[in-house]
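Chemist: Here is how the chains run, residue by residue.
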Amino acid sequence: MSGKTLDIDTSPHIASGASVDAIMRNVVYALLPVCAFSVYVFGLTALVTLVAATVACVATEHLLSRARRSTVGDWSVVVTGLLYGLTLPPGLPVWMTVLGGIVGVGVGKFLFGGLGYNAFNPALVGRAFLQAAFPVSMTTWYPPLGAERFTALPSSSLTFPFATPTYDAFSGATPLAAMKFDGNATATVDLLLGLTGGSVGETSSLLIVLGGLYLIARNMMNWRIPAAILSTVYVLSAVLHWLAPESYPGPLFMLFAGSLMLGAVFMATDMVASPMTSAGCWLYGVLIGALVVVIRLWGGLPEGVMYAILFANAVSPHIDGLIQPRVYGTAGRGGT
Amino acid sequence: MAVPVSRYPTFSHGVHPPESKDDTRGLPIRQFPFAPSLVIPLAQHIGKPSVPVVREGQEVARGQLLAEADGFVSVPQHSPASGVVRRIGLVPSIAGKMVTGIYIEPFPGSSQEVAEGERCDLDTATPDEIIAAIQSAGVVGLGGAAFPTHVKLRAPEGKHIDTLILNGIECEPYLTTDHRVMLEQTADVHVGIRYLLKATGAERAIIGIEANKLDAAEALEAAIPEDLPVTVGVVQVKYPQGAEKMLITALLGSEVPSGGLPADVGAVVVNVATAAEIGRLLPHGRGIQERVVTLTGPAVRRKGNYRIPIGTPLRFALEHVEASEDVSRVFLGGPMMGQALSSLDIPITKGTSGFVAFTERETGRQPPEYPCIRCAYCVDACPIHLNPSQLGLLAKIGDYERMADELHLMDCFECGSCSYVCPSHIPLVQRFRLAKSVVRERRAAE
Ligand code: SF4
Ligand code: SF4
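Read top to bottom, the protein sequences are chains S and W. 0 is the number of the first residue of the first sequence in numbering that gives the first Met the number 0; add one for each residue after it. 0 is the number of the first residue of the second sequence in numbering that gives the first Met the number 0; add one for each residue after it.
It should be emphasised that the hints constitute simulated quantities derived from the structure, not laboratory data. Using N, Cα and C, we set each Cβ at its ideal position, and we do this for glycine too. You may find that some hints are simply not true.
[Said to hold, decoys possible] So these bits of chain S aren't anywhere near chain W, every CB distance computed over 10 Å: (1) V97; (2) I215; (3) I318.
[Unchecked claim] To be clear about the criterion: a stretch of chain S counts as covered by chain W if any three or more of its residues have a C-beta under 8 Å from a C-beta of chain W, and this derived list gives those stretches: (4) 18-31; (5) 114-121.
Only chain S is shown next, with the shape it has when bound in the complex (with noise of 0.2 Å):
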């Protein structure tokens, strides 16, 4: 205590103990059993795509990133390539995969500026690419739970770079493709648990909104951005199903099928790209929502998911600037 010099720094001299990197390992301690599901549905496949994606994603932020110091420490783009690879049909080729995952990274995100930067979902980033570069490998689905599945690959994933994949024994459509073109609705306690074709990480609702309910436990996940989309599309799709039954599927249907829950849960959720007051994340909220209903029914795709999310992270922005919280001591609100 004599002479000895103390050390200065600004208050607050203490901290929560929140920092990026446990928000981000919490969303992939939240993934693993979504990913492990779709490795029980799936298969090898299904590994394959999530590996393949994980890494290819991890590998193009370090080398994006290692000029300076590399960012992969922060977890980020670990949560990146496992949503990323969730996304994707399982059965695609592993070159396409990677091709994606470099896209994702390197465009979505690092041309941005990097974390926090990125006004795009980095994942969907990755995926719409693929959908528009690969529309077909991207809407050709792998059947789940076939027999074979922990002992072979299909033969698509292994296709040589550039080439053709060639598929074989695929079922032609998810639910929400055989719903809309065909007319037949599958059973909602099959979408809840996931037993059914659709991409790799979409099927099982039930684990996803469970992933969902620990961040928000967790506060690391905005509540009120799931729960906007989701009533928005219940109650969307219920009017129109009680004003025309025969052309519009039930609320639960549209609730549980295609990539709604995954997408309501962790993709718009990713917090760069989403509004940051209350009432902003409902208003994006309601904004996705409503948009998934449209593409759905209306729209030439069979899913409108990633579309929707991806318009509403373009928009999210201008949501922050029309609502800001009220200032204290105010009539105005506090930002532009």
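Model the placement of chain W with the ligands on the given structure of chain S, informed by the hints.
Modeler: Using the frame of chain S, we list chain W with the ligands on its own:
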């Protein structure tokens, strides 16, 4: 008081730092010895420094006037000990620079009896006389702000104060001085409230206490004299509940207008220990010569709440409580808004509510700053409902004008809640402090 915790009123937003009060909240206030030399800065308050009325070599009694107030926004200083004025010269200050002060050397054998002055009789004194007596007693806000108390008791022209709020919140982690004063000086608090009610003309008083000090709430409630219009208002435990605006909102439900004063909503807020001090001093015409200070933190062995003579050098105080040799960080005040000291050569002053000392072992290194991930934790924390994330981005590019003009920068009272929660470890409040001072300078220059 079996009210469920969530039912207590509060303000919206805020944070929940660990309270860290268990070490000292149960320890009664103990009297501190006199240091061999006491250092009395002439400016221990916001406003003009006081003017010495003693000369070097003069003998002074404990409680005797050392320096008189210079104008209305100023308070006098009284001698904390019977002794001799050794020197009037430069003394080290908390801000780092040297300021003028008076060195007192206490007489070792003295009985240290306190000199009495002109009493302020509650029954006969007019409000103005009470306000003058509070100034004469050298009273400033003991919660930490050190703003002269008498200044805020007079309602601005055209405003009426109907409610006197006693701030017994003490929401800063570690500090327990107000808690102990409320428990041990209930009578002083109520006498002080009588003076304050008369001085302000307020019709009622509310003592605001956080729900983690229910024992103090009960003690004060039980001691309320029949004829005194006082109630105890228990509020939720949350930081920064002790900020004037937040407390007013919790207790009265109204908001102080941006840029305005509590008087705009008919309130005045006085720290509860300040009220106790007024109740203790005015009946005897004494001035402040000591105050209660919490000395705590992992580096302090004899943690506690001590009544310490004003002017006691911090180094002496820490030695007396057997602080560890390798103390490496000391905060004046709590860890949320307190200041990290660069030197132990400063005296304890009227605004000093506590010191928290750490050694190297407990203080980790500041983690690196990340980009803002727009998590909105700060937005949900800011008690003023600002957007610290956006302010932080603008601060980084130096657009202070836009911060002030469009984003209400000047309403930020630097509570640090935003920095506290930020997962990207962005030093938000540090940047806002700088931005505010730049804007203030520019506006003053215009
Ligand atoms: S320091 Fe300022 S901006 Fe940050 S939470 Fe406190 S009042 Fe809000
Ligand atoms: S808490 Fe930090 S990272 Fe989160 S929005 Fe605020 S400034 Fe950005």
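Chemist: Give a verdict on every hint.
Modeler: To see whether the hints hold, each was checked on the structure:
{"no.": "1", "hint": "V97", "result": "holds (26 Å)"}
{"no.": "2", "hint": "I215", "result": "holds (14 Å)"}
{"no.": "3", "hint": "I318", "result": "holds (12 Å)"}
{"no.": "4", "hint": "18-31", "result": "holds (count 4)"}
{"no.": "5", "hint": "114-121", "result": "holds (count 3)"}
When held up to the earlier numbered hints, the structure conflicts with none and fits them all.
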